[in-house]
Amino acid sequence: MGQKIKRKTPYDVVTIFILFILAILFSFPLYWIITGSFKDAAAINAANPQWFPKNPNTDNFVRLLKNPALRWLFNSVFISVVAMGLTCISAAMGGYALAKKRFIGQKFLFTVFVCAMALPKQVVLIPLLKEMSFLGMHNTLWAVILPAVGWPFGVFLMKQFSETIPTEMLEAARIDGAGEANTFLTIVLPIVKPGIGALAIFTFITTWNDYFLQLIMLNSQKNLTISLGIAKLQSEMSNDFGMIMAGAALGAVPIILIFLLFQKYFTQGITMGAVKG
Amino acid sequence: MQKDNLNLKRSRALVRRETISAYLFLLPCLIFFLGFVIVPMIMCIVTSLFNYTMSEFTFVGFANYIEMFKDKIFLQALKNTIVIVVVSVPVVTAFSLWVGARIYRINAFTRSFFRCVFYLPVVTGTVAVAVVWKWMFNKYTGLFNLVLKDFGLIDQNISWLGDERTALWCIILILFTTSIGQPIVLYVAALGNVDTSLVEAASVDGASKFQTFWHIKWPSIMPTTLYILVITTINSFQCYSLIQLLTSGGPNHSTETIMYYIYYQAFKLNRYGYGNAMGVFLAIFIAVFSAIQFKVTKSGSES
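These protein sequence lines map, in sequence, to chains A and B.
Following this note's numbering, the numbering of the first sequence begins with 1 at its first residue and continues without gaps.
Following this note's numbering, the numbering of the second sequence begins with 1 at its first residue and continues without gaps.
Take these hints with a grain of salt, some might be off.
[Stated by the list, open to error] Below, a list of computed lysine to aspartate or glutamate pairs in the EDC-like style, where the Cα atoms sit at most 20 Å apart: (1) A:Lys8 to B:Glu200; (2) B:Lys139 to A:Asp240; (3) B:Lys268 to A:Glu236; (4) A:Lys100 to B:Glu18; (5) A:Lys101 to B:Glu18.
Note that these hints are calculated values from the structure, not bench results.
Values in this document were obtained by computation on a predicted structure and should not be read as measured data.
The shape of chain B in the complex, shown without the other chains (with noise of 0.2 Å):
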């Protein structure tokens, strides 16, 4: 019973001196989380309630959000921003998908040279690519109108970014190629862990290759593919600088995305509470859609 007792106090005072020695190691990190991540966060979500402007700082309750359902722009916006995520998430999804499936058992020279290129738009950085596709899109001297004049397959110069039925897919199709390069980088380490002996039995027993895809290899990637779902979800969501750079947003707000109106609202008519609030809505928009995405892929994968 003693004995017990003591056992119980040491190991007591062992856990104290290990909480202690494990705070101490995570005391650099948790400062720059706290003070960078969390405090802001809890800023975001608490001045939504604000009417808050250069000179203003008053409550208004749920009033920003009520605003923001009512607001032409925001609505316009929120469709936008949806027809990207709609549209973006399921072709990088697929296309780096079936460029995973292509690259990951060739030769590993040119199977690194392919993860290379398609990351390379990525590590370029979004103010160099942007430099050259608005170049590709100008109406003018552009390479678009250039290519398909010669083939004959335009008669008229087309303003791309400057049209509203195009400025949008332009953008969509930009995003893409700054999209698919850690996708592709995911799937090729995936698929490269399934385990051969299950792809080689399937093989002994006459299955096809489809078969062997869908019954073997895709259900052992189905983690990737839904970490690769939510984080192609979350950027698409998060589409800004490219629209800064290249639309600002128009013509006629058609390029108008939730992040490029937020920054709208905050910085260029100081209304950081009705951003703020638009914030915290993106945010919980974000995290919905990815529990929906969660609970579609995991139901598809056990049935």
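Bound conformation, chain A alone (with noise of 0.2 Å):
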């Protein structure tokens, strides 16, 4: 095989000069939030706006935490990291049943999941709410966590991470007398571990900007997420154009740094959780 020397061609050149272009827009929102909560009024406000803040100052976060901001960010982290254990815990086990076990019901179960799915969540939530002032849960945190966990990707995703798992081993285990949750404690747990991965990190995401949800749900003060609470202050205070900003900045940069630590498990969850035509 006779190894090409690659020339760029023009249309590299000008293609990923175009991606870059493209890039800079992209990241542009955050940049904004980002330098805009450094501001002061008179320059967030200047008709020319200023690309870099020329007197950066903390005024914006001042005023910021004079709401329950913090409050807010730690229902964020709270609701993010329930659903992910509870998620993470149920959707290994189930998926685990449905690769591996031969039951009664097996297809019909794993149809239903699928053509679950497929459906639009969101046309749920009227009914869901219902439910939710039934059991008393409205306006607490569980109401946005509960329906995070009853989705059906998790389980999806762990099936195909649990495909993977070599029946020889399970065969092997039980020969040798091992009770199940012994099975799956020691045998299944760690070959399915990067995909538990994968589905902790895309689920505290998506639980994180599910905002939606969490408008339905949610409605007292001490009860927002901070998604909630930057949209409340856009909508009540909206000429403090710098305290939203820094309200964006402390939602948005922390969930950003954990997708950039971990972006590698969270690209692997979403590629195996597309659905094999």
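Combine the two chains into a complex, taking the hints into account.
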């Protein structure tokens, strides 16, 4: 196989240039939020935008923290972490059973999971709200956590990962007399660990950013998430743009750091979760 | 004979044991799934047949569905939603295929740089992204008017989100930036998995780049394309948050989508039954739309 020396065609050069321009445009909102959160009111409302803050200061954050912004941040962390934990546990167990056990109703159950995933989940929010009020959970953080855990994507993803477990290993464990729980903990879990990592980061980010669900389920001041908090500031104090930017930065920066740190797992989760046609 | 019977009995017992243990493993996720996905789904369908408000709960048959098609605002919302879907689905798919094809074979660092950048708007979150876009579209201090005026393309400031002619297109543009992250990741992975020996064989046979793409790569990434079409369709049909944050369906219902109208009816007017009827309609509409996409792309790839 002759190694051809790759020459860059004009097409390659032009397109990579376009991609870099697009990359700048796509990162602009984030850049603007972060720099904007350090600008004073005059700089923010200036007719000619200041591309970089001339006298950076933290006044916006001081004003922001007069609201319970840290509480909002904590709520966002709480719902994302709990939803992540519950999803990983239930999906790892369910996905293993779907992939490696032969049981009555298996095909049917799997079909129901896949069909449910194709449905628009926002459509069921009205009855979900009624159900949550009935259960006495409306306006508690659980009203956001539980529906996130119920979404079948996790089981589907973990089923894909569990397919890779060699059946012989499970057989061998059974012959050795290992119980079900033991087999799951010592053989299944170590093998599907990358899958759990992918699912964990995916659930964390989607729960954090599920503004619509949060908007429907939470409304008291102390139960707001950071997304709801920023939206509230934006509708109530729309003239204090600096503070809103500070809020947006407070909400966006942690989740972006998490995304960047774990992006390898995240990408893997998205790719494995794609239904094979 | 007896031995066969014994075997049958034993395997039946085995199946039963395995079924029980499988359901025990499935129990936690089934509880959440049935409780918070299936139950509300059924409630949605049932209550769509009722006149269901704060004070009332009476059976009305299909009256909600009939009212829907006489409701001018609903029809406007349906039209807007279809415009969003018809514009954004092909554009998102084509653009992400182009980016995916361009970056999947460059070095790993640059590749993951671009993947991350195009994913940023999704991770940043709708609310934070909307804050910036709202400023960019602002009539007096916004970036768009400033830049366009500097270049002399416009001489009057445009109220982008406040004008019936432009508002929906602004929403479509923002939706585009928050939709392409996942398709690009999927295309990069799918193109990376295309059998390289086929590609090499084709280039040895003197196939042009375009021919190789069209006859070898395109068919093998077809399942990915189909998946991207379906998820983009579902997401575009459900467009809500951007509208709630930026235009509230206005001006003059020009950015009203079905999703936004459902929640307007349900939470501003407390008409839950009517809202649910529109929800059921939307779900069926999406299902039919996806089925058509399946049929078209399947027959397209076979011919």
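Hints numbered earlier in the text: which of these fail when held up against the supplied structure? Failing hints: none at all.
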